[in-house]
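**Student:** Chains as they are written, first to last, in the numbering used here: chain D, 5 to 181; chain V, 44 to 198.
Simulated from the structure, these hints should not be mistaken for laboratory data.
Listed next, the stretches of chain V that the computed footprint assigns to chain D, with coverage defined by at least 3 CB atoms under 8 Å from CB atoms of chain D:
| no. | stretch |
| --- | --- |
| 1 | 92-104 |
| 2 | 119-132 |
| 3 | 175-184 |
Remember, it's a predicted structure, so these values are computed and weren't measured experimentally.
By construction, the Cβ of each residue, glycine as well, lies at the ideal position given by its N, Cα and C atoms.
Each chain, written out:
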Amino acid sequence: MAKLSIPISAEDHLQGDLDAEVNLVEYGDYQCPSCGAAYPIVKRLQKHYGKRLLFVFRNFPLSQMHLQAEPAAEAAEFAAAHGKFWEMHDLLYENQENLGEELFKTLADELKLPSDKLLNAVAEQTYQARIRADFAGGIRSGVNGTPTFYINGQRNNGPFDYDFLRQQIDDALARSR
Amino acid sequence: MPNILSPGTAAPDFKLHVTPDQTLSPSELSGQPVILAFYPADWSPVCGDQMALYNEVLSEFQKHNAQIIGLSVDGVWCHSAFAKARNLHFPLAADFEPKGEVARAYGAYRDGDGVAERALFVIDKDGIIAWSYCSPIAVNPGADGILEALENLAK
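Using the sequences and the hints given, assemble the complete structure.
**Tutor:** This is the structure in structure tokens:
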């Protein structure tokens, strides 16, 4: 079955250690309601596994369907360039209903980022190459919608509720021993 | 798994409606690779949708000069509403009358369910099936297999 074709590296957006026991990669879209539903589930998994789990987020904006997905990804990448990727990632999902310039400006102010520069990056698509590279890598890895999760490099073909993902992660941990 | 047509087989031609007043045949596209993506039904859940995914990957398909056609047993009005709602930029063919005839010709019809399998075919510019794949009905197969097949065509 489909496997992660782009290895996890320091270039990725990481929460946890590169050499953690188990890793969870999400290909996500900030406007996708299913990704919004998965957001608190991932938080719960991170809380449960602590340092044993590395979480990686990669961009997979379905731009034809979600007009704010790519602008939101630009905002997150701008924040990343200022060392605040995860803060922005979280706020975008927590405010998913209101994605748009006004929200990006508010969130930039909240994170003490220069909002005019952030809006400029969104308008100019400054980080498009990075976002498209994430997307292309996702396609190569068999991403088939959003969110798509990989556990230790294997695509999760089941649902993404907490119990199912936790079972998959437990199984991966058992296999790696 | 069903026995879908294998690589090396001549792709059965067909003529299906893609809009209420337009039909499409793969033979009209000779000279360019054609991707046939059979799927069970329009209106599957939003973000995990196979057709929406292909819609995002069209530029990659176009790099290989390939044309993708989605096929299901849904009627043309259903297809047009679905395509409009999802902002799809490629044709959806209605394998509607006789129902599933084209899917059957490709070995990709589910008799009990009355819908097409999630079956993919890459047809080369001479009309020969170069690659085919049937995914479990609940699993969206993604686009990686199609892209690999298109790359192999160029070799």
